[in-house]
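Between the sequences and the hints, there should be enough to build the whole structure, so can you do that?
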Amino acid sequence: MDAFKATFESGAPPYNAPREAIETMHYHGFGDLGSPGARSKVGDVAPAFELINQDGELVRSVDLLSRGPLMITFFRGHW
Numbered sequence: 002m003d004a005f006k007a008t009f010e011s012g013a014p015p016y017n018a019p020r021e022a023i024e025t026m027h028y029h030g031f032g033d034l035g036s037p038g039a040r041s042k043v044g045d046v047a048p049a050f051e052l053i054n055q056d057g058e059l060v061r062s063v064d065l066l067s068r069g070p071l072m073i074t075f076f077r078g079h080w
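If you want this note's numbering, it's the 1-based position in the sequence shown plus 1.
No wet-lab data here; the hints were simulated from the structure. Quantities reported herein were computed from a predicted structural model and do not represent experimental measurements. Ideal Cβ positions, reconstructed from N, Cα and C, are used throughout, including at glycine. No false leads were mixed into what you were given.
Computed beta-carbon distance windows for the label pairs:
{"hint": "1", "residue 1": "6", "residue 2": "69", "range": "33 to 39 Å"}
{"hint": "2", "residue 1": "69", "residue 2": "14", "range": "35 to 41 Å"}
{"hint": "3", "residue 1": "69", "residue 2": "13", "range": "38 to 44 Å"}
{"hint": "4", "residue 1": "18", "residue 2": "67", "range": "28 to 34 Å"}
In structure tokens, the structure reads:
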């Protein structure tokens with residue numbers, strides 16, 4: 002896990018993670034959820050967001066929430 006984390010955080014291929022994404026992950030304590038220093042906790046309300054879906058369409062959390070509860074899943078995306 003340490004080797005994966007180092008490779009991912011380097012921003013190098015195959016992940017090519019942008020620095021801002023890595024900084025956001027660090028700020029929110031991802032990987033350390035449940036630890037005393039984690040800023041995000043289970044049950045916290047997520048901020049509003051906009052993302053591009055697999056079809057290249059903009060998806061807004063506000064629009065999805067207007068239709069009911071929202072569940073977010075993350076897929077690895079790089080095989």
